[in-house]
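*Asks:* Now for the letters of each chain:
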Amino acid sequence: MTPDSLTEPTAAGQPMPRRPPGVPVEIAAVSQVFRRAQLETQALERIDLAVKPGEFVAVVGPSGCGKSTLLKIIAGLLAPSTGKVEIAGRLVSGPYTDLGIVFQSPVLLDWRTILDNVLVQIDLRGGNLAAYRDQARALLAKVGLAGFENQMPRELSGGMRQRTAIVRALIHEPPLLMMDEPFGALDALTREQMRIDLEKLWLERGQTTFFITHGISEAVALADRVIVMTPRPGRIERIIEIDLPRPRHKAVITSRRFTDYCEDITECFMRHGVIQY
Amino acid sequence: MPGPWRWLRQRGGMIAMFIALFLLWEFAVKLFGIKEYLLPPPSKIWSEFLKRQSTVMTGAWTTTIEIIGGYLLAVAVSIPLAMAIAYSRFVENSVYPIIVFLQIIPKIAIAPLFIIWFGFGLFPKLLIVFLLCFFPIVVSSVAGFKSVDPDVMDFARSTGASPARMFFKIRLPQALPEIFTGLKIGAALSATAAVVAEFVASDRGLGYLLQQYNGQLETPMVFAIIVLLSLIGLSIYYLVELIERLVIPWHVSQRPTEMTGL
Ligand SMILES: Nc1ncnc2c1ncn2[C@@H]1O[C@H](COP(=O)(O)OP(=O)(O)O)[C@@H](O)[C@H]1O
Ligand SMILES: [Mg+2]
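Chains as they are written, first to last, in my numbering: chain E, 8 to 284; chain F, 713 to 974.
Keep in mind that the hints were calculated from the coordinates and are not lab data.
Note that CB positions come from ideal geometry on N, CA and C, so glycine has one too.
Treat the hints with caution; some may be incorrect.
Quick list of simulated restraints, FRET-style, between CB atoms [stated by the list, open to error]:
1) E:V259 to F:G872: 37 to 45 Å
2) E:R97 to F:P862: 20 to 28 Å
3) E:G154 to F:F879: 17 to 25 Å
4) F:P862 to E:Q49: 16 to 24 Å
5) F:L951 to E:R144: 38 to 46 Å
Straight-line alpha carbon distances no greater than 30 Å define the calculated DSBU-like cross-link-like pairs of lysine-lysine that follow [stated by the list, open to error]:
6) F:K881 to E:K79
7) E:K79 to F:K819
8) E:K59 to E:K79
Starting from the given sequences, assemble the full structure and let the hints guide the process.
*Replies:* As structure tokens, then:
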């Protein structure tokens, strides 16, 4: 890695050169209490977590345990009640901009074509659109959207729209990717394919990835480490290293070790009454 | 298929229906010997209109100015006000309740007051048109400006975009469909508003002429003016809809059914 790989867009407006793959994320004693009228909700309780550069971390937990809250705090979209977050050694205090975000719904802009929806990432940053156009086309093609660049979002299926959202989150080559149940609204087959494609993109680019899901096998299939959270107040119950080879082909995700990991997490949820038989 | 033919095929039924209706009207009036001052036949309405054409067209011009002037005034005030209400908690809590309260006052009932305050000229008419159009535009625009998905805003904030860029690239385009809903409701009300204003006190305009002809039992002219007023109202409505098509084609084309669509 050469020092100039750290430079911002050049004067000629060229896309940023390849950057160091991922940033470290340090979450220290983060708690969150929401106060609304008389009601106090302890959403997160003392979350400590160190994410290594380029690591793929999946967070699983039941609905309402504070996963989205944690993502927003890391991204600087929400200030924690206590504790702090550092990304690449710098304290997060306000929206952190050197990242890409994907939500459960693709939140594309209805009035822009697919290509322009990808480029809005650059547009909002005041960047040079022309410099990114080819890259956007290439990345769209990579996720199977070649030929759809000039379609409007409503003309595409839910899966295709979500692919567009992922491309939009990666077009500026961020060293950090935050995903909040990105496949939650998709059917099982589309979901499986998107998981495979996401792993490919991550293997190529190596950005630190924070992936929220309530799918246990999805978490195990994607992550280097799975963070298991318990219901309110949201706490980290366990951190499980997933020691499985990559890419996680069919043979891997049908292996005994894979199912053991899944069972382990399921049992953890059963102990906390999240899953009951 | 060439444009005109397609248009004719789509609208042919409607046009034929209108022609049939007018023919029926014409012959029914003659057949049953209905008196002209009760229900004149279309042919009579047309011939009377041609005789008084210049008077009526001068009146139509006056009324059109009142409609368009009052409407534009309403647009110019409503949209910035809606922005202030949508983006400032203080303005929302202080100004919005007053606007809602004003809406409850029957505006037609306060029209005579405007005559006392501002006389017989153009201004009180503009004011009445303004008042009637204003409310639907404000309400729809506030809803539009507030309708942004919180996830979209989180995405936008994560790019570090400036407030101005966020407004022009996201908030405003997002709000436009609802703003146009208000603009169309306002446009549909504007012609009625102008006529009411002229009814209250005026010495010109189609509302004034309507009252004159009505008083003299010149029923064909009353019909002619009603038709003309409808045409003016319709033209203004379609003008707004045309602008909507040009400004937000992405939204118009996704609307499942067109409310109208001549
Ligand atoms: N802005 C807010 N105000 C009040 N309560 C909130 C707010 N955001 C989230 N919560 C509450 O915090 C808890 C965690 O929410 P969230 O992080 O969305 O959970 P998850 O994403 O795991 O489903 C929930 O009980 C939710 O109702
Ligand atoms: Mg959530």
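*Asks:* Checking one constraint from the list: CA of E:K59 to CA of E:K79, max 30 Å. Satisfied?
*Replies:* Holds, because 19 Å separates the two Cα atoms, which is no more than 30 Å.
*Asks:* Can you tell me whether the CB distance of E:V259 to F:G872 sits inside 37 to 45 Å?
*Replies:* 39 Å, holds
*Asks:* Is it true that the C-beta distance of F:L951 to E:R144 lies inside 38 to 46 Å, as the hint says?
*Replies:* Holds - the Cβ-Cβ distance for F:L951 and E:R144, about 39 Å, lies within 38 to 46 Å.
*Asks:* Using the beta carbons of E:R97 and F:P862, state whether their distance is inside 20 to 28 Å or not.
*Replies:* Distance hint for E:R97, F:P862 holds at roughly 26 Å.
*Asks:* Assess, step by step, whether the Cα of F:K881 is no farther than 30 Å from the Cα of E:K79, and give holds or violated.
*Replies:* With Cα atoms ~23 Å apart, F:K881 and E:K79 stay inside 30 Å; holds.
*Asks:* Does the beta carbon distance between E:G154 and F:F879 stay inside 17 to 25 Å, or does it fall outside?
*Replies:* Between E:G154 and F:F879, where Cβ atoms are some 33 Å apart, the hint is violated.
*Asks:* Does F:K819 sit within 30 Å of E:K79, going by the straight-line distance between their CA atoms?
*Replies:* Violated - the C-alpha atoms of F:K819 and E:K79 are around 48 Å apart, more than 30 Å.
*Asks:* For the range 16 to 24 Å, tell me whether the beta carbons of F:P862 and E:Q49 fit it or not.
*Replies:* Holds: the Cβ-Cβ distance is about 22 Å, inside 16 to 24 Å.
Consistency note: the structure conflicts with the earlier hints numbered 3, 7.
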